[in-house]
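A.B. asks: Throw the hints in and build the complete structure from the sequences for me.
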Amino acid sequence: MENEAERLASRSGTDPRRGGARRSRSAGGVVQIVSRLREDPRWAPRFEHWHEVPPRAADTAAYPARLDRRLVELYERRGLRELYRHQAEFVELALDRRDALVATPTASGKTLCYVLPVLNALFESQGSARTLFLFPTKALSQDQSSALTSVVEELGQDWHAFTYDGDTPPSVRRTLRDRGHLVLTNPYMLHAGILPNHAKWSELFRDLRYVVIDEVHTLSGVFGSSVANVLRRLVRIARHYGSDPKFLMCSATLREPREHARRLTGRDVAVVDQDGSPSGARTFGVYNPPMLNPVAGLRASALEEARELAQAVCGPAHQTIFFCKRRTAVEVLTRYLKEVAPNLGLQPEEIRGYRGGYLPDLRRDIEQGLRAGQVKVVVSTNALELGIDIGALDVAVLVGYPGSQASFWQRAGRVGRRGKPSLVVQIAQSDPVDQYLARHPGALFATPRERLGLDPDNLVILSEQVKCAAFELPFRAGAEPGSLDDVSYGGVRDAAGILDYLSEESRFVLKRGDTWHWMADAYPAQDVTLDGGEPDNVLVLDADTKKAIGEIDRAASITSVHEGAIYQVQGETWKIERFDYENRRAYARRVDSDYFTEAELDVAVRVLRLEERRMRTRADAPVERPLIPVDHDMDGEDHSVWRGEVHVTAVATQYKKIRFYTRENVGAEDIHLPPEELDTEAFVLTLSDAAACELGLAGGDRGSAWRGVGSLLRRVAPLWLRCQPSDLGLSTQVRSPHFQRPAIFVYDAVQGGVGLSTILFQSYRDMARAALEVVARCACTSGCPGCVGPPAEVGPLGKEVALRVLAHLAGGPDPVVVAIEAEEPVG
Amino acid sequence: MSEPLRDRLRRLLREAPAPVAAEAKTPASASADSDVSTALGDLVHPHGADSHALGADELHQRLARRGALLAAHLDAGALAADEPARTLALGPPERLEPSRGGAVARTSSFAREHEHGAAALAAGLTFDRALMAASSRDERFAQIDLERAVFLDTETSGLAGGTGTYVFLVGLGTFDDGRFDVWQGFLSDPRDERALLAETAERIAAAPAIVSFFGKSFDRHRLEDKMRVHGLVPPFAHVPHLDLYWPLRRAHQGRFENCRLKTLERELAGVARADDLPGSFAPAAWFDFLAGRPHRLEGVFRHNLEDVLSLVALLPHAAVVPGPRA
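Line by line, the protein sequences are chains R and A. So for the first sequence, my numbering puts the first residue at 60; every next one is plus one. So for the second sequence, my numbering puts the first residue at 7; every next one is plus one.
In case anyone wonders, no lab produced these hints; they're calculated from the structure. The model shown is predicted, which means the values in this text are computed figures rather than measured ones. Check the hints yourself; a few may be wrong.
Which chain A residues face chain R? A few, computed with CB under 7 Å, are given here [as the list claims (entries may be wrong)]:
#: 1; residue: L11
#: 2; residue: L15
#: 3; residue: R17
#: 4; residue: L18
#: 5; residue: G164
#: 6; residue: G168
#: 7; residue: G170
#: 8; residue: D195
#: 9; residue: P196
#: 10; residue: R197
#: 11; residue: R234
#: 12; residue: P289
#: 13; residue: F293
#: 14; residue: L296
Lysine-lysine pairs mimicking DSBU-like chemistry, simulated, CA-CA at most 35 Å apart [said to hold, decoys possible]:
#: 15; chain 1: R; residue 1: K634; chain 2: R; residue 2: K605
#: 16; chain 1: R; residue 1: K397; chain 2: R; residue 2: K634
#: 17; chain 1: A; residue 1: K222; chain 2: R; residue 2: K570
#: 18; chain 1: A; residue 1: K222; chain 2: R; residue 2: K606
#: 19; chain 1: R; residue 1: K716; chain 2: R; residue 2: K634
#: 20; chain 1: R; residue 1: K197; chain 2: A; residue 2: K222
Ideal Cβ positions, reconstructed from N, Cα and C, are used throughout, including at glycine.
C.D. replies: In structure tokens form, the structure reads like this:
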């Protein structure tokens, strides 16, 4: 059984170039590649781990009897005699008008899950039902739009599927608004285009049956929290025009999918997560580049290794995809592979690069080349990670761990869709997470670990979104004082308070009797972004033309666009000439720089409020040989973890100029900028003085070792929390003024926080264990970038002390919940 | 321990504490104005100290009183001694039904002989219909008698667009027997938006045509959006709409500094406005009014009225088929 998305996009479904002879040759190809990699002494030792997933048969079910016959017949004609069980279950839920989420791997036929109920609603309503689709990217919505159009044409119905995005010509927009039965768009357009102009879209909202949201695992952090509010606004508007849309959602396999969907939509969502699709035999290899310098823990570069490995995994009889983390890496690897194409048995034009920033026509051309089998090798960023239809490939090479388990599986899902054997090679980098996974590959393949941080009620995001909502429709007070009579915001605790605040202090909102009205000559959605909670991002401008070349959020600006900084965009280097801090503008000039800059940040954290604490007593701590025996009350604290609110003051102190490739430090300059202030949520780890003494966290080097522990905890956090390392801030204090003992603060690097530190608080023990594993297994002698950091940063005994501290924290029983009041802050 | 939401918001939104009542004072103006403004502020802006305590009866009384006061204020403004001589007299306000008093209208009446610019209003109806049909590229205007048309101009809370934009003043001019009447529907309370829109929709639907300046691109959409929001059927699809901007632009582009209404009325119809409040000030004037500072509102009414009269004055100038450029 073939993949559905792929089938939908193919109008005839019988393209002779697809499947057939070329594919059957490829089967042997992959098997041969695997056996060569496993046996050839050149490659075999570098594979730390092989993981085989046996082929699995399809678990199928009949089409739900309630589905319109014409719909079932169409898919039967296309060769789908039955559905996979998860598809049938999902369709039943959708037909019952339930909000539902299907969380299964790539290529398991998720598209059909929502296409069937959506088209069925059109039959049932004789064409009056409407559906809005939200895709994370333009490319995906265009892909799906043509797929839906082909189905509708084959059904012979006068229904219309349209993509509405920034590229939609104004002349088409009107038709689309009035006649689009299936409107495909993205969260940005919904936020800034559709909702603020809802009257123009009243035809869509009058009978909006479903809102389809694809790839909901990408909706986390600030962006996800903003989108959750855009959905609240959407429901308000739909209700106003008399419809009650249900959410149909898809995602990659997720930990706690139901909880995520609930926070995103505010509703109790039914979850289908048992994958019934078949799969061919899959082989996973975890490749660790050879150690170049064991003392320093330095391994060969993953990109270099990918170049080498290309000789074994590329060829004319199958298709290979390389995933790189950076756009520049894509260009470098593509150019190299084109140069050596003859050695791979390929023509240079059979090797293509693919990334965001390429023009749409070029991308379509490459996608088509992949589907048709003319492109044998593609080197991509995460641009091909989401569900763009490129057909099934055979071998995937992931250059570096993509940063999340969901991304790993999305990338791996690009191969082996047709029940044929496939191979995925994960090349580890020197990063602690990569190295942890190289040694614990089980963690890659086990059930999902990562939680998604999402907080739609973050006050900064909420107040911005409430402004947008007030513009769209006035708010009405509820019966209870301080409440709202509102389908979406009625249950949001602070919404009424925010409206009062806005009406009394900002004057953008006017309160008249029991209603709040937007009252300003402005269109708030224009000034509210979905990815940054705050409006005061810094624009990076070309100093000559004054054209914008980039944008950077407020907090990052002091370390990235200070005067003298090298700002990189699309592989070009720009030098910042002037940073107009007041007006949030940085002026840059294009230079050919052989170095990049790295700024140092001094971070001070002040505790504002503590909300939760877990503590372990000394009596419960694992018994160790104390270096310095400390006589102490055994009921006292061994260590604690906390969750609370903090004020962060970050000062950029100086920046270093570092050569590309060699990482040689070629100079340092001071930075003179005001401090950046942040009020946010933090996870805090404190260690009692007694435990610190016994663990040897004392003397001159203790700060360095403690910092090593902190930075490692932060770096392994993405194993349990879907985020970028830059989403988390770190501050370590050997003697915290608040706690009067050693403390590590890991905080949400977003004003108000979006729930990341809550997840750290929950996952703390797992993080401690992983951090311990990384240090314990690292081959270096006294610290390296792959574990606690190089000795220059953590001190000669840094690794040893960090190891002891982590073993102490990871071992023994868990800390238990204690009341916050039990501990009055000292001083 | 728990911080009030207000302080928390101020802190998280990085906003300094609001200045206390910094703008509460009414700007200096004529003494009659100040008195009325104070009285109006009390009534029209009822979120003062006692706003939450009002019973329904009391509210009605207040609203009724508001109508009278509004009338007093607007008249006082119109008749102020230091106003230039050609200031137009505006009609008294009356309450629109069904509304709680937040939608009012006033009709200002002009003799057909009233001179707006170089010509009498009646001259606006003297043009060649065939030429009008050609210049407007709409054959229907060869037949339609514009004597019964509505001359439409609106003032809104903003030019950025979007459904949240309020149309707070609708000016509709019509010839009636020997007169030209300009009906101006005004929103003095956003809660009564529906009443104003319903009345507007009804008046437009009853007309054989709409005449506006740039209204097909702007005014129509603002009204249509808001009518849809309130479940009213927008009348525009069924009423032929003559937007003077396009034929005037085709006929006169390049002749003057620009093709704005103000330029064209001056250059083509000899209209000279005295002390006109620029249209771009209208949103702020309305927000001020809602916040208890009605001092600029009269100017907006007059500006809108002048706009409507200028539609009539410009009408014959649109019935020109552009020849080859000289």
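A.B. asks: A separate judgement is required for each hint: does it hold in the structure or not?
C.D. replies: How the hints compare with the structure:
Annotation: interface hint on L11 of chain A holds; nearest CB of chain R at approximately 4 Å, less than 7 Å. Against a cut-off of 7 Å between C-beta atoms, the interface hint on L15 of chain A holds, since the closest Cβ of chain R lies about 5 Å away. Checking R17 of chain A against chain R by beta carbon gives a least distance of about 6 Å; that is within 7 Å, so the hint holds. Look at L18 of chain A: its Cβ gets to within about 5 Å of chain R, closer than 7 Å, so that hint holds up.
Restraint check, G164 of chain A versus chain R: the minimum CB separation of about 4 Å is within 7 Å; hint holds. Taking 7 Å as the C-beta contact cut-off toward chain R, the hint placing G168 of chain A at the interface holds, the least distance being around 4 Å. Checking G170 of chain A against chain R: minimum C-beta separation of about 4 Å stays under 7 Å; hint holds. A distance limit of 7 Å between C-beta atoms decides the matter here; for D195 of chain A the minimum to chain R is near 6 Å, and the interface restraint holds.
Interface hint status for P196 of chain A: upheld, as the beta-carbon distance to the closest one in chain R is roughly 4 Å, under 7 Å. The closest approach between the C-beta of R197 of chain A and any C-beta of chain R is roughly 6 Å, which is under the 7 Å cut-off, so the hint is satisfied. Checking R234 of chain A against chain R: minimum C-beta separation of about 4 Å stays under 7 Å; hint holds. Because the smallest distance between the Cβ of P289 of chain A and any Cβ of chain R comes to about 4 Å, under 7 Å, the interface hint for this residue holds.
Residue-level restraint check for F293 of chain A holds (minimum Cβ-Cβ distance to chain R is 6 Å; threshold 7 Å). Because the smallest distance between the Cβ of L296 of chain A and any Cβ of chain R comes to about 6 Å, under 7 Å, the interface hint for this residue holds. Proposed proximity of K634 of chain R and K605 of chain R is supported: the alpha carbons are some 14 Å apart, at most 35 Å. Proposed proximity of K397 of chain R and K634 of chain R is supported: the alpha carbons are some 32 Å apart, at most 35 Å.
For the hint pairing K222 of chain A with K570 of chain R, the CA-to-CA distance comes to about 32 Å; that is within 35 Å, so the pair holds. For a cut-off of 35 Å, the pair hint linking K222 of chain A to K606 of chain R stands: about 34 Å separates their Cα positions. With a C-alpha separation of about 12 Å, the suggested pair K716 of chain R and K634 of chain R falls inside the 35 Å cut-off, and the hint holds. For a cut-off of 35 Å, the pair hint linking K197 of chain R to K222 of chain A stands: about 32 Å separates their Cα positions.
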